[in-house]
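Participant: This is what each chain is made of:
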Amino acid sequence: MEFKVGDLAEMLEGEVLRTTENNSVLVRIAGKQHTLRLLKTGTNEFEFMLENTFHHAKILQSGSAEVKLMLDGQPITVKKHSKLTEVLEKSSALAGSGGGDRNLTSQIPGRVVNITAKAGAEVKKGDVIVVLESMKMQVAVKAHKDGSLKEIRVKQGASVARYDVLAIIE
Amino acid sequence: MKKSAESGGGNDKIEAQHSKGKLTARERIALLLDEGSFVELDKYVMHRSDDPAIQKFFGDGAVTGFGAIAGRQVFVFSYDFTVLGGSLGEMTGKKIAKAMDHALKVGCPIIGIIDSGGARIQEGVASLDAYGDIFFRNAMASGVIPQITAGIGPCAGGAVYSPAMTDFVIMVENIGQMFVTGPEVVKEVLSQEVSFEELGGARAHATKSGVAHFVAKNEYDCFDKIKKLVSFLPQNNAEDPPIVETNDDPNRIDTNLVNILPENPYQQYDMKEIIKSIVDNADFFEVHELFAENIVVGFARMGGRTVGIVANQPMYLAGALDINSSTKTARFIRFCDSFNIPIVTLVDTPGYLPGTDQEHNGIIRHGSKLLFAYCEATVPKVTCIVGKAYGGAYIAMGSKNLKSDINYAWPTAEIAVLGPEAAITIIHRRDLKSSADAVARKKHLAKEYRDKFANPYIAAEKGTIDVVIDPAETRPFIIQALNALANKKESRPWKKHGNINL
Amino acid sequence: MSKKISSILIANRGEIAVRVIRACREMSIRSIAIYSDEDVRAMHVKMADEAYHIGTAAPAQSYLNMAKIVETANAAGADAIHPGYGFLSENENFPEMCEKKGIIFIGPTAKAMEVTGDKMKCKEVMNKAKVPTVPGSDGIIEDVEKAADVAHKAGYPVLLKSAFGGGGRGIRLANNEKQLRQEFEMASAESRAAFGKAALFVEKYLQRIRHIEFQLIRDSHGNSRHLFERECSIQRRHQKLIEMSPSPVVDQKTREGIGEIAVRAADAVDYLNAGTAEFLRDPEGNFYFIEINSRLQVEHPVTELVTGLDLVKLQIAVAQGEEIQFKQQDLEMNGCAIECRINAEDPFYEFAPSTGIVPNCNIPYGPGIRVDTYLYPGCNVSGYYDSLTAKLLAWGRNFEESRIRMRNALDEFTIEGINTTIPLYKTIMNDPNFIKGELSTDYLDRFKIFDKMNEQAKEEVRERALAAVAAVLLQSEFVKKAGATQTTTSRSNWKMRG
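Protein chains in written order, with this note's numbering: chain Y, 1 to 170; chain D, 1 to 502; chain E, 1 to 498.
Here chain Y stands alone, though its shape is the one from the complex (with noise of 0.2 Å):
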C-alpha cells in the first residue's frame, strides 16, 4: 500500500511482512526492512520501538482514506491508496458542482448566535447567513458562493463543531 504522509510529496509504499516471535512486526517501508518491536498495544493506542526510538502513537480517526493519529504528541495525517484516490476525485469533478460544494460549513467550533439570512432566499457570495460565537469572539459566516439559499441546517443557539454543515446553498 501507497502512504502520504502529512503535505508530503513523495509517497512511501510500506506494508506488513510478518509478526516474529518476541512482539515484533516486520514491516518494509520505502524499500527498507524495519523491525517494530512492540511494547503496549491496544487497538487504538500503542507504544513501539523502532530503529531504537521510541515511539507512543494514539488512533484519533481512521477510515478507507485516511488515518489522522497523534505520534508522539503531535497530529499527523497519512493518507492510503493515493493512486485510488486520483481516480475518485475524477468523480467529484465530473459530477460538477453537486455534493460537497453546496455545503456551506463552519470552520470554527461555536454556537449560532444569529441566523441572518431566511431559507429560500437568493444569497450573493459573501453574503452573511450564520453569525457564531467562540472564545468571547463573533465570527460572522458568508456565504461561498451565490445561488438559492436552500436550507438552514442550524438553529439559534445550537453548537457547532468545525466542518460542520451550517446550510445549503444551491
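Hints listed in this document are in silico derivations from the structure and should not be mistaken for laboratory results.
Being a predicted model, the structure only gives us computed values, none of them experimental.
Mixed in with the good hints there might be a few duds.
Said to hold, decoys possible - Computed, partial: chain D to chain E, Cβ under 8 Å:
#1 Glu35
#2 Thr255
#3 Ala423
Think of the CB as a built atom: it goes at the ideal place given N, C-alpha and C, for glycine as much as any other residue.
Given chain Y, work out where chains D and E should sit, using these hints.
Facilitator: Frame of chain Y; chains D and E shown alone:
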C-alpha cells in the same frame, strides 16, 4: 494467466472505468476488506454462451469471495463493470448465488457491490433465471445473516429488487443509480425529461423513496460506512452483537438534559442532542437520515452493547408520525429483532399527521406496521418518554402494553389521549362557548388539564410507567435496564409468520 | 488600618483562579471558588477549599454576574474578593459594591479605576504630572472637524480609538484626512451602539513601536514601587502572545528613568494595589505612556520570575492595609524570563478557536520551567470563555538560557484534543530576529513568521514520516487481530442451531 484473470475485461476497460471516476471491482473489495484477507472464488469461471458477440472473460461479470472486516468474516460479491458492462449472465449469477450460499452456511454477513448494466440480453432467459436465483437467496437469508448492498454504479430494471430485499442499501452520490425504468423509457412513454441522477440517484432514493439508507460522498466514504455498520452487527441471527469497550462511564450523568426541553412546549429542539448525550462517546450511526426526518433511527452503543435507537424528532413536523416514518421505523425494528439488537425508544410526539394526503395514502395501513413491529419484537425494549405522547402515537412508540420491558418517563412527559388544547375544546365545549374571555379560559383549562392528566405520575400510578426519572440520569437508567434484560427470553405463539399489513 | 483577610472568593476561572488559590494556600487563607455549569469539573473548583455554583455557562449569567457573586461571597463569609483579570476586574462598580457589602476588594479603588478606565481623563492627569503621552487629542472628540484638526497637528498616520473599552479592540487606522473622515463615521456609529455615545479620541500612529510596560505596586500608605519592565511587543491583533523581562532595549538607566515615570503615573491617579503602566517606545527610544491597567495582568509571572516576588501575595498584603516592606533600591532584576501564552487556537488556520475535551496532556517541567494552567487529562476547554489554556514560562540566568529552555519545554508540551499555538512559539524561539531582540508590534508580519512556521511544520512531518507509516501499518494489524478474537469466545450459537 492469473494476471489476465485479475484484469477483468482488460486494461483498456479498466482505464475507461477509472476515467469515469469509478474504481474496479477488485479495487473496491481491497478497500472494503482487511488487507490481505480476500480469497477470491471462481476466478476462472467463464460464461457458456455460444454467442460470438459476447467475448469470454475470466471471472465473468462479478468478483466473489470471502475475507474479513476488522477480523470478522464476511462474504462479498462485486459486479465487474469492465466485463461486458457488469451484466448478469448465467455464470455470473451462479457465482453470486454460490457466495450467498456459503454465507448462509457459515452464518456471516454478505455484502454486494452493484455496478451493473443489468441482465445480459444475449443470454436470454438464463440471465433472468440467474436473477431469480439471487432473489430467492436474498429472501432466504433475510433475517438470518445481515445483507448489505452498495450501489456504486447503475442498477436497473428487475435487478433493483435484490438490493431492495437486503437489509441496508448505501449509494454513492453521482455514481450509484437505481430505477426500474430508466430515463430513456420514461421520456419515450411519458415525454418526461429527467436525468439519471434525478430519477434514481443516491439523493433521490435517500430523501424521497427511502430505498437508500445511506448516502456516501465517495467510494471511500461508502466503505467506511459499511465497515462502521458491520461493527455494530452480529455475524448472524444466532449470535449477539459484539460488545466493544467504549471507555464511556455507564454511570455518566448529563445535567444539560435537565434543561434541554424548551420552556414552551410548542418550541422545537433537536432530539439528536439527547441521543448523542446518552450513547457511548456521542457515537450515533444514523440510518435513513434523510428519509422521514420526523423520526430518527440508527445504531449506537450503550455500555459497550449495540442498541437500536428509535426517537421522534420534534424539529420536523413537530415529531408527528406519518406513513413514511411508520414504515421506516417498522423495518428498522424488525431488523433489530432479527439480529438480537435491543431497542431503545425516546418518545416526544403529538400524534399522527392529519390530512387527506395521509388518510388516502393509507396511514391506517402503514401506521399499523409500527405497532405490529413493536409487538412482534422479543429483544429487550426500553422506552423513555421525554415529552409529549398523545393518543395512538403514544401507544405506537413502544408503550408498556406492546410488551415493552421497561418504560421510563421524564417529569416533563405528557401522556394523554389528546393534547391539552384539543382535549379541552371537546370536554369543555359548553364552558368555552359561554365564557366571556374564551382565550383566557382555554389557557386556564389547558393548564389544569396539563397538571391533572398530562403528567407522567398518573401513568406511573397505574404502573404503565415504571420509573419517573431525572433527565440527567437517563443514560445510567437505560444502561441498567439493558443489563438487567440482557438474558431476556420471550416466546410467541407458533406460526408460519404473521400477516403484517404491508 | 489593617484587616486580616482569612478567606477570599476568587471571582474568576481558569489558570488565574488556580494561581490565586495557590497564593491563598500559602497564606493559610480559605479559598472560595465560583463556577458556571461549564466549569463543574474545572481545576480551580477541585483545588479550592469551597466552591459555589454561580450560574449557567454564558459569562453574563455567571462570571459577570456581579450581584450574584457578591451575594455568594456574603453567604460564604468571604472577607475579600480577588477579581483576577478580565471579567469584572476593571469594572468600577465592582469595588463599590464590595465596599457596600463589607467585602475587601483586592485591587484598586473604584475612584482609581474610574480614572484609569477613562483614557481621556487619564491622559489629562498624566499630562499634568508631566508623564509623556502619545501626541493626539487631549479629550474626547465627538465631531469630525475637531478630529481632522488634531490629526493634522499630530501628523498622519493616526489611530482612531474608542474612549471606552480596552483589550485592544475597535482601533482604526487613517492614513490621510479623507480616510479619517470615513473611519470617523463608522467608529462613531459603533461607539454609539456599544456605549450610547460617540466618544473617540485621535492618536498619532507610531510605527515600528515596541510595547514595554512596567509592573507597579502601591499600598494604602502612599508607597509606590515599580517592579521593572516587561516587553510584550509580539502581538497579534493587539493580543499579546509572548512577554519577557528584561527588554533587550532597556538598559539600567532607562529602567530607572521610565520606572520613575511609571511610579509618578501611579501616584498621579492615587492608585492602589497592583497595576501596570503601559508604554510605547518608538525606534528613537522615546517612551509614550498609553494607559494604566488597573488589575493583575496575565503576564505577571514574568516579573515574579525575575524579581523573586509573589505578586498575588503582595496584592493580598496591600489589601489587608499593610505597608510594602521593601524599598525601590532593594529590588534587583535577576536573570531573564520569557512567557508564551498557549492559546486553544489553530495557528495554521487563522487562529480558529479550538474547543473540547483534552484527553491527555504532558506538561513540561525541569530547571527554570514554570507552567500556570488549568489543564489536566480529561479537562474541558470551553468555547464560552477566552482561549488561554496555559502560560509557559522559562527562566534562565541570561536571555539565551531562557530561550533554549523555552524552546525545549515547547517540544515537551503536548496537548491532545485541541489545536494550540505551540507550533508558532517553536518557530519564534528559533527565529534569528527574535534571538537578536528585533521586536516590534508588527513582528509577526515583518519577519514572515507564519511562512516560517509552515516550513518548519513540513520539516517535522518529513522527520516523522517513517514512524507515522509504521504506526499505521501496526494499526491495521491490530484491527485484524481484534476482530478475529471476538467471536471465538465460546462455542458459537450458529453451530449449535439445528
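Participant: Give a verdict on every hint.
Facilitator: Verification of the hints:
Hint status for Glu35/D relative to chain E: holds, with the closest Cβ pair at about 6 Å, below 8 Å. With 8 Å as the threshold, the beta carbon of Thr255/D comes within range of chain E, its nearest partner Cβ sitting at about 7 Å, so the hint holds. About 34 Å separates the beta-carbon of Ala423/D from the nearest beta-carbon of chain E, more than 8 Å, and the hint is not met.
Of the numbered hints listed earlier, the single one contradicted by the structure is hint 3.
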